[in-house]
Each structure stands twice: as structure tokens, then as C-alpha cells.
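Given chain U, work out where chain B should sit, using these hints.
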Amino acid sequence: MRRAGVVLLVLASLGISLAARIALEPEHEDELLMDMAYLPNGRMLKWISGGMDNMMSDLLWLRSLRYVMDHFDTGRDYRYLYKAYDIITDLDPNFQKAYRFGAYFLSGMTDEYENARDLLKKGWDNNPTNWRIAYDLGSVYDLHLKDPIKAGEWFGKAAHLPDCPPGVRQNATLLFEEKGRLDRALDMWVSIRETTGSDKLKKVAEWNVKRVQSLMIIRSLTAYVDEFRKIRKTLPGSLDDLVEARISVDDHVLSFVPKDAFDEALVYTRKKTNRGEEFSIECRELIRKELDKRKRYFSNLGINPFRRKFGRWPKSLRELVDKGVVTRLPSVPHDVEYDYDPETGELSYDRTLERYNLGQ
Amino acid sequence: MRVGAIAANTFREAVRNKVMHAIVGLALIVILCSKALAWVSAGEDVKVMTDMGLAAVTLFGVLVALFSGANLLYKEVDNRTSYLILSKPLRRYEFIAGKYLGLVLVLLGCSVIMSTVHAGYLTTFVASMEEEEVLRGEMLRSFYLALGQAYFLIFLELCVVAALGVFFSVISSPVFSAIATFCTFFIGHGLRNIKDLTDVVESQAGDLILKAMYWVLPGLFMFDIKHYAAYAQPRSLGTILGCVVYAVCYCIVILTLTCVIFRRRQL
Numbered sequence: 000m001r002r003a004g005v006v007l008l009v010l011a012s013l014g015i016s017l018a019a020r021i022a023l024e025p026e027h028e029d030e031l032l033m034d035m036a037y038l039p040n041g042r043m044l045k046w047i048s049g050g051m052d053n054m055m056s057d058l059l060w061l062r063s064l065r066y067v068m069d070h071f072d073t074g075r076d077y078r079y080l081y082k083a084y085d086i087i088t089d090l091d092p093n094f095q096k097a098y099r100f101g102a103y104f105l106s107g108m109t110d111e112y113e114n115a116r117d118l119l120k121k122g123w124d125n126n127p128t129n130w131r132i133a134y135d136l137g138s139v140y141d142l143h144l145k146d147p148i149k150a151g152e153w154f155g156k157a158a159h160l161p162d163c164p165p166g167v168r169q170n171a172t173l174l175f176e177e178k179g180r181l182d183r184a185l186d187m188w189v190s191i192r193e194t195t196g197s198d199k200l201k202k203v204a205e206w207n208v209k210r211v212q213s214l215m216i217i218r219s220l221t222a223y224v225d226e227f228r229k230i231r232k233t234l235p236g237s238l239d240d241l242v243e244a245r246i247s248v249d250d251h252v253l254s255f256v257p258k259d260a261f262d263e264a265l266v267y268t269r270k271k272t273n274r275g276e277e278f279s280i281e282c283r284e285l286i287r288k289e290l291d292k293r294k295r296y297f298s299n300l301g302i303n304p305f306r307r308k309f310g311r312w313p314k315s316l317r318e319l320v321d322k323g324v325v326t327r328l329p330s331v332p333h334d335v336e337y338d339y340d341p342e343t344g345e346l347s348y349d350r351t352l353e354r355y356n357l358g359q
Numbered sequence: 000m001r002v003g004a005i006a007a008n009t010f011r012e013a014v015r016n017k018v019m020h021a022i023v024g025l026a027l028i029v030i031l032c033s034k035a036l037a038w039v040s041a042g043e044d045v046k047v048m049t050d051m052g053l054a055a056v057t058l059f060g061v062l063v064a065l066f067s068g069a070n071l072l073y074k075e076v077d078n079r080t081s082y083l084i085l086s087k088p089l090r091r092y093e094f095i096a097g098k099y100l101g102l103v104l105v106l107l108g109c110s111v112i113m114s115t116v117h118a119g120y121l122t123t124f125v126a127s128m129e130e131e132e133v134l135r136g137e138m139l140r141s142f143y144l145a146l147g148q149a150y151f152l153i154f155l156e157l158c159v160v161a162a163l164g165v166f167f168s169v170i171s172s173p174v175f176s177a178i179a180t181f182c183t184f185f186i187g188h189g190l191r192n193i194k195d196l197t198d199v200v201e202s203q204a205g206d207l208i209l210k211a212m213y214w215v216l217p218g219l220f221m222f223d224i225k226h227y228a229a230y231a232q233p234r235s236l237g238t239i240l241g242c243v244v245y246a247v248c249y250c251i252v253i254l255t256l257t258c259v260i261f262r263r264r265q266l
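Each protein sequence line maps, in turn, to chains U and B. Those letters in the first sequence? Residues 0 to 359, per numbering that gives the first Met the number 0, in order. Those letters in the second sequence? Residues 0 to 266, per numbering that gives the first Met the number 0, in order.
Because the hints were derived from the structure by calculation, they are not lab data. Errors might be hidden in some of the hints.
Mimicking DSSO-like on lysine-lysine, the simulated pairs with C-alpha atoms at most 27 Å apart in a straight line are [what the hints assert, rightly or not]:
no.	chain 1	residue 1	chain 2	residue 2
1	B	K194	U	K121
2	U	K96	B	K34
3	U	K271	U	K308
4	U	K308	U	K322
5	U	K258	U	K229
6	U	K258	U	K270
To give an idea of the interface, some chain U residues facing chain B are shown, with a C-beta separation under 7 Å as derived from the structure [stated by the list, open to error]:
no.	residue
7	M51
8	N53
9	M54
10	D57
11	Q95
12	K96
Glycine included, C-beta positions come from ideal geometry on N, C-alpha and C.
Extracted from the complex, chain U is given alone in its bound form:
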């Protein structure tokens, strides 16, 4: 009887303690938040860590991951996230993942883009040879702070560091080109050409250096044509007219029509549109590249699949649409006229090439 009473008492105590534990559970959920709130300053923690600063930063890192995960489904109250990562990186200034994950969480989950930027900048100051931090900083500027020029600069910094894959440099050059910073894009391609150990990439970089240089020449000539139109109220008949008219841009008179960087004459075309007469100045090499690309597109996505499906070549390109192989014929630059041979399924742009005197 007495033993049964003791067992009952123990069981009752156990049950009550469990109930109390369950009742107080929601309070513990806020505990993690409060933990983060009361984190002391990173420098102070470093001081009292007694040489265990790395271990402390690891423990805080694990705590921060739990903080992120726990609050992911419940209101996403991440107000102490920046503070946590600031302290972690105070304790261990080389903790690359803390900077990168921290910035990712801050920009992706809390929209604290400035804090994400500041954290990565701190990471860069402490790790100036880490291309990943520079790359992430570029991404924050590009995707969140909408500052492509700064983004390009950071991608550029990343690109100049050892171990940085070539793709990062190419991203940076494209970003600069998109924003009209051809000079920066040119710098980047020249740097890739000078520093890469790969022959293939060197060739690609060499070609792109010429491409960007050609684009710079075209941009400059475009300014002369615009100036000509402003003065004469009409477009020049050819680029030579710019020289004859002694058109001046920024106090500089064009004394001859330059060739492009591939050492070919530029293609100048005029076209009447709804908006009036328009012009374009283009590089022959780039036109050839574009035409080759379209030709491959037609063959790989239209003509070859048609033959596989129907066992013959299409009678015309129009038949690709009629038989549902492609939904529509893609637009083609320069009013290209397709020379299609239904006997062989071959496509060529010879007439267009002839018209622009592009050569093969």
C-alpha cells in the first residue's frame, strides 16, 4: 500500500513536471531570439574568450543556423541576424562561410541588403584574396542594390584573384557591356587574355578584345552620324560623307573612316521605318557570327527534327511551321534571305553575304 503510494506520487510528479514543461514550451521558443538579443559585442567576447575565439565563433555559427531554421516557418523574425554574423566574424575574421551565408540570409530572407553588403565588405577587408566574397558582393549589388556598375567592379575584383574561374570575369565583362561601360569590359578581356593559362580561353579573349574594340569604334562613329543628322537634317549616304562634311564631335573632326578591330570595313545601312529613317553601323565579323548562330538554330531545331519525323527534308522553311515542327520562324537580322535547298536540307546565306560583301 505504501509502495503503491510512492509509485503514484512519483508518477504524478512526473506527469505534472511534463505538463509544466509543455506549458512553458512557447516561452522557450523566444529564448533563442533573446539569446541573440543579449549577445555582447564581438570585441568584448574576443577579449574574454581566453584564446577560444575560434571555438566560440563556431558555437555561435551553429546557434545562428538554428536561429535561421527555427524562425523560417514562424514569422521570420531575424532582427538579430546581422548582429549574430557580425559577432561571429569579429571572433573569426577569416570565417568565409559566415560572411557568405550571412549575406545570403540577410539579403534573401530579411531584405537587409545594406547589412548584407556591409557584412561582405567586412569579409573583403579581412580576406582580400578571397574571390568568392568579392563575387557575392558583386551579386548583392547586381541583384538587390541594383547598381550594375558597382557589381561589375566587384566581379572585376573577383576576376583578378587567383583561383577565380573564367566565367566570373566573363560575367563582369557582360555586365559592363550591358551598362555601356565598354572601357571596363575591354580592360577585363585584356586581363583575361594576359593572365589565362588556357589557349582556348586566350583565343576567346583575343576575339572578344577585338569585338569590344569594334563596338567602341561603332559607338564613336554613331555619335558622328547623329551629329551629321542634327546639322543636315538627313542621314549620310555613306560613312565617307562624315569625313567630307568635316563633322566635329567633342572638338574632334573625323579625318578618315576607321576600320573595325578585325581590320574590316564597317557596314553602314539605312532603313525607313515607321519612326522615320534609321541607321545602323555594324561589324562584319559580328554579323557573320550572328548568321552562323541562326543557321545552326534552323538546322538543329527545325530542319533536322523534321527529317527525323517525316523521313525527308522539308520542301520549304514554311513547311516547318505548317507541320508543327516549330511554332514560328525566328526573326533574322539584316533581312536575311534564306537560300534553302530542299534536296539536301542545306541552308545558306550567300545572297546576304554577297550584299554585305562579308565573304565566307
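Just chain B, lined up with the frame of chain U:
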């Protein structure tokens, strides 16, 4: 010879102590459990295991130094066994030197056990990782070199802490000795911040006190290269040799002071 005999006896005594076994056992458990934390560290496994392991080797090593150092002379005096020993043709400084060397042997043994288990555990873990994940070739060599350096400097740091422990145990009770040694350990790691404070403090006296603290207290932060080990960045031979010279000289100064105080002490 006489010093060797006392050192060997101190070592034997410490090895038989169950508390010592418990401390080393606890250290090994912490080292082996570091993998559990590594699993949830979002890809920072090696770093977490390295940091935890090195911190465990340091902390538990300091505990061994505190526990043994604080009791080292007190027990001998309290049990009056020191009367028996010092009545022999043995100088007091030889007694102190023997006791200290015995303690250093204990610390060496503990450090070797903890470091070997930690390094072996890390090696097994690194070997089981995917090829592209981390640490191969030159990087792996740098990592092990930096790790070896870190273990060595932790041992040197423990020797300095042990010397301080012996010093405090001569002038006070074991509890005060342990507290004073532990505080000196923390201050020794934070000395760099004390130096920074000298730029902020305006009073000349304050500045002088801080500067004196900076140069007199043990610069234990010098031995702390755990951070570099975690990032596979070995230190130069000059740095390591500098630490060795500093540790040896500092221990000689502290032990000489200990001997002077012990010689004047009425037993």
C-alpha cells in the same frame, strides 16, 4: 640526478591520480563528440572539429596544469613529506625544479594523448570526405604542419601556465593558486587588448600600469595559433622559435622567483 628522481616521482604520483584520468577522459569525449557538431555546421566540418579539438586540448591541458600545479607543493608541505625530502642533501631549488619538471612531463603526456587522438580522428574524417570537398595535396600538408605547430605551442603555453601555478602555490593556498593561475591565463590571452587600451587611457599613471601589465604578464596570446591551424596556414620557423625562447625564458624567471620565495619560507 636528484632533480630527475623528484620529477619521476611527481610524474608517477600524478599519473596515479584519478582526477587526472577523469580530466583527460573528458577531453577525449569532447574531441570525439566534436563530430556531432560538425554534422550540423553546414559544410564547416573540418574547421569545427579542428577548433573544438584544439580548444579541448588547451582547456583540459590548463585544467591539468591548474589541478596539479596548485597542489604540487601544498600537499608536500601539508603532509609534511617535504620535511623528509628537504632533510636529505637536496637544495630547495632542486626540489622546485624536480617538481616542475615532473609536472611538465605530466602535461607532455596529457598533450600527446589528446593531440594524437584529435589528429587521428581528424585524419580519419578527412580521408572519408569526398575528393572535391577539401584538403588535398599541398593544402593537406600545410594543414597537418599548422596543426602540429598548434599542438606544440599549446604544450609550451601549458608549461608557462604550470610555472605560474607552481609560483602561486608557493605563496598561497591551492584554491587561491588555482584562481590566480586561471585569471592570469585569461589575462595573458587578452593582453593585446590591454595594449590597445594604452592608446585610449589619458592618465600617465594608468598608461604606465597598462604598459607594465603588458610586458610583465605572460603573453599567452603568442602561443595561440589555433586560428591558423583551422585555415591550414603554418607559421614560420622564426615565429615558433621565438615562442620557444619566450616560453623558456619566462619559465626560468618565474621558477627563479618561486625558488627565492620558497627558500625564504619557514616550513
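Restraint: D57(U) near chain B, CB-CB cut 7 Å. Satisfied or not? With Cβ-Cβ at 5 Å, under 7 Å, it holds.
Q: Have a go at the N53(U) hint: is there a Cβ in chain B nearer than 7 Å to its own Cβ?
A: At 4 Å from the nearest chain B Cβ, N53(U) passes the 7 Å test, so the hint holds.
* Taking only the CA atoms, is the gap from K258(U) to K270(U) under or equal to 27 Å? -> Distance of about 22 Å is within 27 Å: holds.
Fill in: Restraint status (C-alpha distance of K258(U) to K229(U) at most 27 Å)
holds (24 Å)
Just to be careful: measuring from the Cβ of M54(U) to every Cβ in chain B, is the smallest value less than 7 Å? For M54(U), the interface hint holds, since the closest Cβ of chain B sits about 4 Å away, which is under 7 Å.
### Query
Taking 7 Å as the limit, does the beta-carbon of M51(U) come near enough to a beta-carbon in chain B?
With a closest approach of 5 Å, the M51(U) hint holds.
A closest beta-carbon separation below 7 Å is what the hint needs, so does K96(U) meet it against chain B? holds (6 Å)
**Message:** So if I understand the rule, the pair passes when the alpha-carbon distance is 27 Å or less; does K194(B) with K121(U) pass?
**Reply:** Distance of about 24 Å is within 27 Å: holds.
Next on the checklist: Let's test the interface hint: is any C-beta of chain B closer than 7 Å to that of Q95(U)?
Outcome noted: violated (9 Å)
### Query
Do the alpha carbons of K308(U) and K322(U) lie within 27 Å of each other, as the hint requires?
holds (10 Å)
With a cut-off of 27 Å on the C-alpha distance, tell me whether K271(U) and K308(U) pass. violated (41 Å)
query: Given the hint that K96(U) pairs with K34(B), does the C-alpha gap stay at or below 27 Å?
result: Holds. K96(U) to K34(B) sits at ~18 Å (cutoff 27 Å).
Of the numbered hints stated above, those contradicted by the structure are hints 3 and 11, listed in ascending order.
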